[in-house]
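Fit chain B to the supplied structure of chain A, relying on the hints for placement.
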Amino acid sequence: MIPTPIHPKLDPANPFVGHQSRNQIRESFVRWILRIGTLIIVSVTAAIILHITVKGAPVALSREWPFVNVTFLTELPSTLHVIQDHQGHIIETDVNGADAIKMQLGANLRQEKTISYSGGGILGPIVGTAMLVIVSVGVALLLGVASAIYLSEYASHGKFIEMVRLAILNLAGVPSVVFGLFGLGAFVLTAPVFTSAPLDRAIFTLPLGFTTLSFQGWDTCVLSGGFTLAFVILPVIITASEQCLQAVPLEFRETSMALGATRWQTIWRAVLPFATPGILTSSILGIARAAGETAPIMFTAALAFKDKLPWQKDLVALPADASWFAHWEQSIQRFLAIFTESVQALPYHIYTLAARIPQNEYSERAQYGSVFVFLILVASLAATSIWMRRRLRAKYKW
Amino acid sequence: MSDNPTANHDAHFIQVEKFNYAYGDHQVLFDVDLDLHREDITALIGPSGCGKSTLLRSINRINDLVEIARVVSGSIKIDGVNLYSPEVDVISLRRNVGMVFQKYNPFPRSIFENAVYGLRVAGIKDKWELEEAAERSLRIAALWDEVKDRLHANATSLSGGQQQRLCIARAVALKPRILLMDEPCAALDPIATARIEDLIAQLRGQFTFVIVTHNMEQAKRIADKTAFIYKGKVIECADTMEIFGNPKNKLTEAYITGRLT
Numbered sequence: 001m002i003p004t005p006i007h008p009k010l011d012p013a014n015p016f017v018g019h020q021s022r023n024q025i026r027e028s029f030v031r032w033i034l035r036i037g038t039l040i041i042v043s044v045t046a047a048i049i050l051h052i053t054v055k056g057a058p059v060a061l062s063r064e065w066p067f068v069n070v071t072f073l074t075e076l077p078s079t080l081h082v083i084q085d086h087q088g089h090i091i092e093t094d095v096n097g098a099d100a101i102k103m104q105l106g107a108n109l110r111q112e113k114t115i116s117y118s119g120g121g122i123l124g125p126i127v128g129t130a131m132l133v134i135v136s137v138g139v140a141l142l143l144g145v146a147s148a149i150y151l152s153e154y155a156s157h158g159k160f161i162e163m164v165r166l167a168i169l170n171l172a173g174v175p176s177v178v179f180g181l182f183g184l185g186a187f188v189l190t191a192p193v194f195t196s197a198p199l200d201r202a203i204f205t206l207p208l209g210f211t212t213l214s215f216q217g218w219d220t221c222v223l224s225g226g227f228t229l230a231f232v233i234l235p236v237i238i239t240a241s242e243q244c245l246q247a248v249p250l251e252f253r254e255t256s257m258a259l260g261a262t263r264w265q266t267i268w269r270a271v272l273p274f275a276t277p278g279i280l281t282s283s284i285l286g287i288a289r290a291a292g293e294t295a296p297i298m299f300t301a302a303l304a305f306k307d308k309l310p311w312q313k314d315l316v317a318l319p320a321d322a323s324w325f326a327h328w329e330q331s332i333q334r335f336l337a338i339f340t341e342s343v344q345a346l347p348y349h350i351y352t353l354a355a356r357i358p359q360n361e362y363s364e365r366a367q368y369g370s371v372f373v374f375l376i377l378v379a380s381l382a383a384t385s386i387w388m389r390r391r392l393r394a395k396y397k398w
Numbered sequence: 001m002s003d004n005p006t007a008n009h010d011a012h013f014i015q016v017e018k019f020n021y022a023y024g025d026h027q028v029l030f031d032v033d034l035d036l037h038r039e040d041i042t043a044l045i046g047p048s049g050c051g052k053s054t055l056l057r058s059i060n061r062i063n064d065l066v067e068i069a070r071v072v073s074g075s076i077k078i079d080g081v082n083l084y085s086p087e088v089d090v091i092s093l094r095r096n097v098g099m100v101f102q103k104y105n106p107f108p109r110s111i112f113e114n115a116v117y118g119l120r121v122a123g124i125k126d127k128w129e130l131e132e133a134a135e136r137s138l139r140i141a142a143l144w145d146e147v148k149d150r151l152h153a154n155a156t157s158l159s160g161g162q163q164q165r166l167c168i169a170r171a172v173a174l175k176p177r178i179l180l181m182d183e184p185c186a187a188l189d190p191i192a193t194a195r196i197e198d199l200i201a202q203l204r205g206q207f208t209f210v211i212v213t214h215n216m217e218q219a220k221r222i223a224d225k226t227a228f229i230y231k232g233k234v235i236e237c238a239d240t241m242e243i244f245g246n247p248k249n250k251l252t253e254a255y256i257t258g259r260l261t
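Chains as they are written, first to last, in the numbering used here: chain A, 1 to 398; chain B, 1 to 261.
Any given hint could turn out to be false.
[Unchecked claim] Straight-line Cα separation of at most 30 Å, BS3-like style, residue types lysine-lysine; simulated pairs: (1) B:K233 to A:K395; (2) A:K113 to A:K395; (3) B:K175 to B:K231; (4) B:K77 to B:K148; (5) B:K18 to B:K148; (6) B:K233 to B:K248; (7) B:K250 to B:K18; (8) B:K148 to A:K395; (9) A:K395 to B:K103; (10) B:K231 to A:K395.
[Unchecked claim] Some chain A residues well away from chain B (every beta-carbon gap over 10 Å; in silico): (11) S21; (12) L39; (13) Q87; (14) I149; (15) H157; (16) L181; (17) T195; (18) A270; (19) I284; (20) L303; (21) I338; (22) I386.
Rather than coming from a laboratory, the hints here were simulated on the basis of the structure.
On a predicted model such as this, the values are computed, not experimentally measured, just so you know.
Using N, Cα and C, we set each Cβ at its ideal position, and we do this for glycine too.
Okay, chain A solo, but in the shape it has when bound (with noise of 0.2 Å):
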């Protein structure tokens, strides 16, 4: 601050004396303002927690053993009945219940209500859930970090590896619906099966003698949804991949090199293993990502309501002299069903409770039960990413 007018009390000899009360005002002003901003955020955050989980708490857990909501947890989605009789006694039951209850009521009944997908639990929709999340990562993994290290270790600096990169980092910024219109197409309508009778519809046959490859696409499965949402987290695993492979020290690929290992063995035993903590992190990021994404998976896999699990599949009853091969055969079919059926998941069956239902108390307790047990899900995905890492880094450290 030099010729700036001295205030009358103060010491004139002082070579440091200024407008000290103007620039205190100034600082504290800014100071606030982005103390303020940061509350805004954290209390946004807090609120938004605090609500759901005294909200949805008392419908995902019990007071007593074992503290969870078993029926909540581990019954599939059904049609809420909810009967009231002149006393004003409430009963809720599901369809099958309904009839006796109604019955017992006779004359006595004042009102039946029906609620759609309010009642049973949301198993349905987590196993659905966690399903397309382990189709997606396993995809998106090995593509990306495929993609990655040949970024990293292969690829030589230039105008096109530019591009790719630009390319990657934009399909980040792609809308997830649009995502979810591309799965639709590539492959639902399109991805090539083997089949003995392909379809019209199918863009290519190609015979090949027992079987036919046809593009005729993989219908709405958990496979057509893990891909999408492979695509979906592929940028985010690609880049963290590659800034992990890059992290690992140079000196480790030379020295590996100076000893005799071509560049594979290199990747193999001296950088992948490094790498690994933070990939392993990124997954995980991804993990919730898929876990969270509806709109992708719309056209693809979800369904708003399905009354059975992936591998309760229908299948021709076996006649009671069936060979171990035919029941060998079933089995691998009900395995197969886990990736070949169309599945319930948790962000889509929020929105159907959400926005696809008349509005009550009851569609509110089961949206508010799974919001939070959703949230509970990626929050421990969160967490053991964090531990995952904590304890690979300890492992190795350089």
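Just chain B now, with coordinates in the frame of chain A:
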């Protein structure tokens, strides 16, 4: 890279001839001629950025990893074989030419796994053979007595000097004939440095050493021959005594007396 049993001590073992080397358009070595003898310890000295490390890293072609690096002209021959001719297998070249880097950098794995890394990538799986090689190379690197009870401890738990000796063990496990060292003591304290120098002195005759060093005292203590490199050119190469006692070239004299940096 054939093993030539008739080659004697004074044969032209590593021959650098009119070697020109560049990073992209930036040439760093100019017409380098050097003749290194079998089983000698040769020190490469010179100010930072003079090209001595590049020269060293060209001998096992590890500099090939630098994308823009290229040989402009000339050759480096080991036992008469040009390393840069197309039929040379870089992998087998590097198995025959060990390298120790400036910063000790064992992999964050066990001491044992570090010692046998080269054998593992060479496809050796026999447990007994690996254990024997680990012991042999750790003994060569004078580290065996210190680590024999904790071979499966993490290598990063060792002290800096021990880590660098582990790197030497790792390099000698493949029984190379040549050991390249790029300022092997630059990151070490004086005591650890002295141990490494003792080790190099003990290994004299077992390997042909080429050592890049900033430390002229070190070159004086351990090297048979010393080459002074300045701005990508070999200014003078002679017996160490000669270089430090009676330098022929004014530049060499200026450098060893500390008037040239």
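Now for the hints, and whether the structure bears them out:
With a C-alpha separation of about 45 Å, the suggested pair B:K233 and A:K395 falls outside the 30 Å cut-off, and the hint is violated. A C-alpha spacing of about 59 Å is found between A:K113 and A:K395, which places the hinted pair above 30 Å, so the restraint is violated. Distance check on the hinted pair: B:K175 and B:K231 sit about 34 Å apart at the alpha-carbon level, beyond 30 Å; violated. For the proposed pair B:K77 and B:K148, the alpha carbon gap of about 39 Å is over 30 Å, so the pair is violated.
Among the hinted pairs, B:K18 with B:K148 is inconsistent with the structure: their alpha-carbon atoms are about 46 Å apart, more than 30 Å. A hinted pair counts as satisfied when its Cα atoms are at most 30 Å apart, and B:K233 with B:K248 qualifies at roughly 15 Å. Between B:K250 and B:K18 the alpha-carbon distance is near 23 Å, which keeps this suggested pair within the 30 Å criterion. For the hint linking B:K148 to A:K395, the alpha-carbon distance of about 21 Å falls within 30 Å, and the restraint holds.
Of the pairs offered as hints, the one joining A:K395 and B:K103 holds, with about 21 Å between alpha carbons and a cut-off of 30 Å not exceeded. Note on B:K231 and A:K395: the hinted pairing is violated, with a Cα-Cα distance of about 44 Å set against a maximum of 30 Å. The non-interface label for A:S21 is consistent with chain B: the shortest C-beta to C-beta separation is roughly 53 Å, beyond 10 Å. Every CB of chain B is more than 10 Å from the CB of A:L39 (nearest about 42 Å), matching its label as outside the interface.
For A:Q87, the requirement that its beta carbon stay farther than 10 Å from each beta carbon of chain B is met, with the minimum near 73 Å. Annotated as non-interface, A:I149 keeps its C-beta farther than 10 Å from every C-beta of chain B; the closest such distance is 16 Å. The Cβ of A:H157 does not lie farther than 10 Å from every Cβ of chain B; its closest approach is about 7 Å, which violates its non-interface assignment. The claim that A:L181 is not at the interface with chain B holds, since no C-beta of that chain comes within 10 Å of its own (minimum 40 Å).
With 10 Å as the threshold on Cβ separation, the claim that A:T195 sits away from chain B holds: the shortest Cβ distance comes to roughly 44 Å. The Cβ of A:A270 sits about 6 Å from the closest Cβ of chain B, inside the 10 Å cut-off, so the non-interface label is violated. Every CB of chain B lies more than 10 Å from the CB of A:I284, the least distance being 22 Å, so the non-interface label holds. Even its closest Cβ contact with chain B, about 48 Å, leaves A:L303 beyond 10 Å, as expected for a residue assigned away from the interface.
Look at A:I338: its CB is around 38 Å from the nearest CB on chain B, clear of 10 Å, so calling it non-interface holds up. With a cut of 10 Å on Cβ distances, A:I386 stays outside the contact zone with chain B, its closest approach being about 21 Å.
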